[in-house]
Every structure is written in structure tokens, then in C-alpha cells.
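Take a look at the letters that make up each chain.
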Amino acid sequence: MTTTSHAQQARGRGRRGTAAALGAVGALVLTGCGGADAGGTPTLTWYINPDAGGQAELAQQCTEQSGGRYRIETSLLPRDAASQREQLARRLAAGDSSMDIMSLDPPFIPELAEPGFLAAPPQEVVDATTQDVLDGPLEGARWNDELVTIPFWANTQLLWYRESVAEAAGLDMDRPVTWQQIMDAARRQDKYLGVQGTQGESMTVWVNGLVKSAGGEIIENPEAPADEISVGLDSEAGRQAAEIVGTIGRDGLGGPGLPTSDENASMIQFQSEQGSFMVNWPFIYAATAAAVEDGTVEASVYEDIGWALWPRVDADTPSAPPLGGINLGVGATSEHQDLAWEAVECIVQPENQAHYFVTNGNPAASEAAYEDPEVREAYPMYATIRESLDQAAPRPQTPFYNEVSTAIQQEWTPPASVTESTPRNTAEFIEAVLRGDRLL
Amino acid sequence: MSTVANPNAPGTETTAGQRPPSGRRSAGPVLSDRARSERKLGWMLAGPAFVIMLLVTMYPILQALYDSMFSFRLTAPDEKSFVFLGNYATVLTDPVFLRDLWVTVLITIITVLVELVLGFALALVMNNAIRNTRGLLRTAILVPYGIITVVSAFAWFYAFDITTGYVNNWFSWVPGIGPDFNWFSSQWPALFVIMASEIWKTTPFISLLLLSGLAQVPSEYTEAAKVDGATWWQRMSRVILPNMKAAIMVAVVFRALDAFRIFDNIFIMTQGQYGTETLSLLAYRTSIGRLEIGLGSAVSVILFVCVLLIAFIAIKVFKVDLAGSGKGR
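Which chain is which? The protein sequence lines are A and B, in order.
Every position in the first sequence, counted from 1, becomes a number in our numbering once 59 is added.
Every position in the second sequence, counted from 1, becomes a number in our numbering once 96 is added.
Everything labelled a hint here was simulated from the structure, so no lab data went into it.
No residue lacks a Cβ here, since even glycine has one placed at the ideal position from N, Cα and C.
Careful: at least some of the hints might be erroneous.
To be verified - Simulated restraints, written as ranges between beta carbons of each label pair:
no., chain 1, residue 1, chain 2, residue 2, range
1, B, Phe400, A, Asn484, 26 to 34 Å
2, B, Asn265, A, Ala283, 32 to 40 Å
3, A, Glu282, B, Ser177, 53 to 61 Å
4, A, Ser331, B, Ile243, 27 to 35 Å
5, A, Asp286, B, Leu194, 20 to 28 Å
Unchecked claim - Per the computed footprint, the stretches of chain B lying under chain A, defined by three or more beta-carbons under 8 Å from a beta-carbon of chain A, are:
no., region
6, 163-174
7, 254-267
8, 337-343
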């Protein structure tokens with residue numbers, strides 16, 4: 060009897076345990092997969108790139124403004140742009156229905172738009188969000204002459220310099236300077252130039268900026284199919300770009316860390332005693348201020364920082380600074396596309412862009428945001444950024460951008476190895492890779 | 097199982113103790129009814145798990161084999177086309193593949209050799225340590241192996257990186273090393289750091305395997321050799337090492353297979369730049385980075401075949417005894 064009763068009790072406990080486990084799993088499935096909370100409010104997932112918390116704050120703000128129509132949850136993407144693209148592409152190709160809103164790096168947009176992974180924005184959203192967007196960011200939001208994403212913020216590189224070094228070198232920074240001038244100044248002053256020589260996306264940004272500034276194009280027909288793409292690097296502009304990169308590498312002007320230097324590493328070098336001139340994104344201004352607060356950088360360094368437009372290749376031709384930023388796209392497999400576009404409309408409002416600029420250091424794509432007094436106070440170089448955005452040139456907008464970029468990264472690093480023949484070799488390599496004849 | 101006589105087959109003697117009739121199907125030991133039913137129960141219990149494991153391991157392999165026959169890019173699903181062995185031809189004749197294969201083989205040979213020597217020395221120390229300190233010693237030696245590979249890769253990277261590293265200051269007395277020496281800007285110094293971190297991380301694993309082999313060498317053998325006047329080297333080369341062959345070979349195979357698939361260290365430290373890329377990284381970069389599923393699958397299949405080859409060579413040519421039955425000696 061005792062044994063039987065124990066067995067029955069054990070069986071009873073087992074059944075209760077199983078029922079509880081099934082109940083818990085059921086509850087998890089219902090809450091996790093339903094996409095709606097207890098009140099039936101749809102949840103939109105916004106895949107964001109890492110920032111200082113600004114996108115999460117905007118998500119919260121727009122959730123409150125929606126009056127219960129939707130709720131935005133953020134999901135963090137990897138730190139670097141290439142890894143962000145990898146994750147987004149894999150999820151989109153798999154038909155992930157949680158791809159409601161995505162923060163997208165402009166050069167990767169054609170690759171996602173071409174196979175139809177991105178939902179087309181409704182005309183009323185386009186009308187409401189692009190009225191005062193600057194030309195550069197707006198151009199980067201298109202594919203095949205159609206607007207496929209909405210610009211959220213726009214980035215550009217400036218020439219940052221140490222005023223003391225420029226003065227000692229006798230450079231008038233109120234007038235445009237050339238690469239040759241800053242190279243000569245760094246050499247004479249025995250200082251290092253801040254450029255990004257690592258095998259990464261930053262190298263493509265640099266090469267594209269140089270080629271465009273010299274009047275050339277990396278890809279002459281970016282909308283062509285893979286085997287018809289014509290690479291324009293084997294040109295006078297390509298050779299001028301190679302001359303600058305190669306000289307900086309061979310003459311040690313970028314410092315010993317140049318072959319592994321990314322944006323952050325070049326900023327650290329710029330903040331050191333060896334700093335002179337640096338091409339970099341505006342985040343470095345806020346980052347240097349934060350470093351002063353943390354006590355890792357002296358206040359005198361921060362006060363010594365000046366800014367100007369990107370250096371020219373030819374003294375008589377305006378430079379074409381790199382263009383970056385983030386656009387917002389909606390996945391074609393999203394279950395809440397209408398609400399997602401509504402949320403995008405809320406997120407990209409000029410006042411939100413201005414607030415995001417002030418708090419997170421990422422420049423606005425909206426012209427009106429530059430009129431904001433807080434922006435002007437926090438970023439005294441706002442006018443230079445604005446001017447730079449007007450001049451900025453996007454990287455090649457092709458579905459094969461990743462191949463083009465990776466090939467450039469491999470051929471143009473380390474900078475000391477770049478010679479007159481590098482542009483021609485790169486062009487041949489890219490074409491062979493796109494034909495499927497070569498591995499990357 | 098195939099050699100066991102089928103009790104239901106016509107003309108087959110099934111009674112325990114009887115000599116099996118001649119013929120291929122009946123060759124092998126004759127089992128009692130009890131043994132047969134136990135074996136059947138064993139299969140019933142383990143079978144489902146075996147089938148699931150087979151499915152889980154075979155599915156990705158077969159899928160990769162299938163995908164490798166196509167020109168297929170994840171972001172161009174409409175352009176998928178059958179190319180049969182075209183991807184293999186592209187990969188096997190490409191200088192990038194050949195360079196990466198060479199780097200992979202180099203890393204495998206150097207790290208396994210150095211780990212074997214260092215691991216054996218550590219095993220000897222652990223084996224000869226005073227009883228009271230043995231536990232502490234083994235724990236201390238095992239610490240690097242307990243650290244997650246990605247974490248140790250970051251630690252090595254930050255130690256050698258030109259902006260954050262301290263190694264250049266510590267070793268500035270060594271000719272060629274100074275504050276301006278950038279370890280990750282060219283192939284050989286970068287490979288040196290990668291291999292050093294790999295050796296540091298996994299030598300404890302090899303030393304532990306070798307220690308177990310060392311402990312199995314009967315002390316009578318070494319004592320007898322000592323009495324016969326054998327020197328330390330003679331005892332080592334004629335008595336201890338031959339008796340440890342199985343343990344040594346198991347350690348070599350395990351580590352060689354691991355080293356051939358090296359990924360984490362390189363991914364963290366150099367991302368494969370400046371000639372430090374291995375086959376695993378190439379497979380990753382092609383499949384995940386370029387989203388070229390066809391080409392990437394071909395690289396993965398080639399990597400898989402290489403791993404199989406290493407295991408085959410070790411087991412068949414060097415007669416490694418993975419089961420520990422002593423036949424490999």
C-alpha cells in the first residue's frame with residue numbers, strides 16, 4: 060500500500076510538474092510570439108546600431124506619443140557596420156517577421172533593396188519626412204531612383220587639427236588646405252597625421268573620399284549587374300589617391316600604428332603629444348570632451364582642437380568629404396508595416412534629430428535641425444558640418460558594395476604597400492571577384 | 097551488429113554454444129538469448145538518440161554539400177544557378193585559398209609541436225611533484241585552459257596592441273622591439289602573437305593528457321632500467337615514451353584537429369588581415385561576410401575533408417588508439 064501510494068503521489072507530482080512546465084512554455088509562447096502585450100498593443104522591433112542611448116530614448120518617446128497604437132522595442136546590432144549588414148541581411152533573407160524598423164548604413168542599402176527585402180515607404184511618409192533633408196543623405200536613401208529608406212541622421216568627416224601645430228606650420232586654416240600641405244606640415248613638425256589605415260570599412264571611406272575629391276569614381280556604373288560593372292580606379296584620380304595613401308604609409312606620417320589604425324585609434328593618437336591633423340567623424344569632439352571629464356585627456360588638448368573642411372587633393376577643386384549616417388528602413392516581411400512607417404515618421408522629426416545630435420553626437424540629416432540653438436551651442440562647428448554634408452560624396456551605391464569595399468581594403472593596406480600600380484590591380488581584382496573568378 | 101546471427105533467418109543455428117555455420121553472415125561470436133535481448137534493449141534505448149545525433153550532424157553536412165554545387169548569394173535568391181563542381185574549381189585554384197591553407201597548416205604544425213614539448217615538460221613536473229603540491233600545481237597549470245578563448249584572445253590583443261599594449265615596454269631590451277613596433281601590421285609578428293596565445297591557452301590540455309599517459313607507465317619498468325644503469329635520456333626514449341605512444345598520439349590528434357580549425361584568436365586579433373587568415377576564417381568571410389552561400393559551402397566542405405584526412409591519417413597511418421584498448425601500441 061505504502062509503495063503504491065508513494066508511486067501514486069510521485070505520479071501525481073510528475074503530472075503536476077509536467078502540467079506546470081507545459082503551462083509555462085505555453086505562456087512563454089503566447090507572450091513571446093504574439094507580438095502584442097496584454098492590452099493588444101502591437102510591438103515594433105527597431106534594430107539599432109550602438110549609440111549613447113539616443114535611439115532607445117526616441118523609441119520610448121515615440122511609444123508614448125503613439126497613444127497606445129504601438130510600442131517600440133529596440134534590439135541592438137553589432138558595433139561595426141559590416142557586422143550590422145551581415146545580421147540584417149541574414150534575418151531579412153530568412154523572412155524574419157520582426158524586421159519592423161532598421162537603422163541602416165547607406166552603402167549597404169542597395170544590396171538589401173535589390174532583392175526586395177525592404178518595404179517601399181508610402182508617399183505620404185516620404186512627403187512628411189523628406190521635405191528639408193539635405194541633398195547628400197537624400198541621395199544615399201535611394202536605389203534605382205526610388206526612395207527606399209528615410210534619412211535619420213547624416214554623417215560626414217571633417218579635418219580636425221591642433222591649432223598650435225597648424226600655427227607653427229604656418230598654415231592658414233581659414234582657407235582650404237590640401238593633403239600635400241598637411242603632409243608637409245606633419246613632416247616638418249615631426250608629428251603624426253590621423254588617418255585610418257586598417258583593413259576595414261574606414262579604408263574604403265578614405266579611398267573613396269580621395270578619389271572623389273580628385274574628380275574620379277570608384278565604380279562608374281554602380282547600378283549595372285555584377286559582370287558588367289566597370290571600375291574606374293585605374294585613372295588619374297585613382298593614382299593621385301594612391302600617391303597620397305602610399306606616401307603617408309611609406310614616410311611614416313601616420314605613425315607606427317597606421318596599419319591597424321581605425322577611427323578610435325587615430326583619435327587617441329590625435330589627442331596625444333604627436334597629434335597634428337586628422338580626418339574623422341564629428342563624434343571625436345564629444346568623445347574628447349568626455350575624455351577630459353574622465354581625466355584621461357588634458358583640457359588644453361580639447362581647447363587646442365580646430366576644424367575645417369576635408370583636405371583637397373587639387374588646390375583648385377573642392378574636396379568631396381566622406382558621407383555616412385543612418386537611414387531607417389522597414390522590412391518587407393514586417394507584420395506591422397503601416398505602424399512601422401508611422402513610427403519612422405515620429406523618429407525622424409527634425410526636433411528629434413536635433414536632440415539626438417546634441418545628446419549622441421550624430422549630425423542631423425534635416426536642415427532645420429541645424430537651426431536649433433542647442434545644436435549650435437553644443438557643436439560650434441555645426442556650420443562646417445552642414446557645409447561638409449553639402450559637399451559630401453557617397454560611397455559606390457551598388458548591391459555589390461561589400462565586394463568592392465573588401466577588395467579595396469585588401470589591396471590598399473598596409474598603406475606603405477600602396478604604389479602607382481595599386482589602383483589598376485584593385486580594378487582588375489574587383490572585376491575578377493564580381494565575375495566569380497576569384498575569392499576575396 | 098551485422099556479424100550477429102539473425103535468430104529468425106532460415107537455416108541459421110541460434111542455440112548458444114554452437115559453432116556458427118560457415119558463411120559470411122554467421123561469422124562472429126554466437127550470443128546467448130540473454131545477451132541478444134540485452135543488446136536489443138541497448139539499441140532500443142540508445143537508438144533514438146543515435147538517430148537524432150546522426151540527423152543533427154548529417155543534415156548540415158549534406159546541406160553544405162548541396163549548397164556548394166550552386167552559385168548562390170543570399171541577397172540575390174533569384175539568381176541561384178547550378179554550377180556542379182565549379183565552386184570547388186574556383187576555390188582550389190585561388191591564391192587566397194592556397195595562402196590560407198598554408199597559414200593553417202603552419203599554425204597547426206608549429207603550435208602542436210611546441211605544445212607537445214611544453215606539455216610533456218609540464219606533465220613531468222606534475223608527475224614528479226611532491227604529493228602535497230600536486231593538486232595546487234595541476235590547478236595552476238590548468239588556469240589558461242579554463243579561460244574562454246575569446247577572452248584570452250582579447251587579453252593577448254590588448255597586451256600587444258600598439259596603442260593599449262604593454263609588451264613593447266616590457267621587452268624593449270629585445271633587439272627589434274621598441275615602442276613603435278606594431279605586432280599586428282605584418283604577417284610574421286602577427287602570426288607569432290596568434291600562435292603564442294594558442295600555445296599558452298591549450299598547452300595545459302596536452303599536458304593533462306600526457307600526464308595520464310605518464311601515470312600509466314609502470315614504475316617497475318623505469319626502476320628496472322635505472323638498476324640496469326640506463327641514463328635519464330635512455331629511460332625516457334626507450335622506456336617511458338614508447339609506453340606512452342597512445343597517449344601522445346591521442347593528444348596530437350585532438351590538438352591538431354583543434355588547431356586546424358583555429359578561428360577565435362585570429363578573428364579577435366587581426367580579423368585575418370595581413371596574411372593571417374586561415375581556412376575557418378575564409379569559410380566564415382565567404383559565407384557570412386559576403387553571403388556567398390555556394391562558394392562558402394565549398395570552402396567549408398574542403399575544410400571538413402581536411403579535418404577528416406587528418407583524423408584518417410592519424411588513426412590509420414600512425415595507428416592512434418582512440419578507444420584506449422591498447423591495440424595502437
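Evaluated hints:
1. Phe400/B to Asn484/A: 26 to 34 Å: Given about 33 Å between the Cβ atoms, the range holds.
2. Asn265/B to Ala283/A: 32 to 40 Å: With a Cβ separation near 52 Å, Asn265/B and Ala283/A fall outside 32 to 40 Å, so the hint is violated.
3. Glu282/A to Ser177/B: 53 to 61 Å: Given range 53 to 61 Å: violated, Cβ gap about 22 Å.
4. Ser331/A to Ile243/B: 27 to 35 Å: holds (32 Å)
5. Asp286/A to Leu194/B: 20 to 28 Å: holds (25 Å)
6. 163-174: holds (count 6)
7. 254-267: As far as the region 254-267 of chain B goes, the hint holds, because 3 residues have Cβ atoms under 8 Å from chain A.
8. 337-343: With 0 residues close enough to chain A, the hint is violated.
In terms of the numbered hints stated before, the structure departs from hints 2, 3 and 8, listed from lowest to highest.
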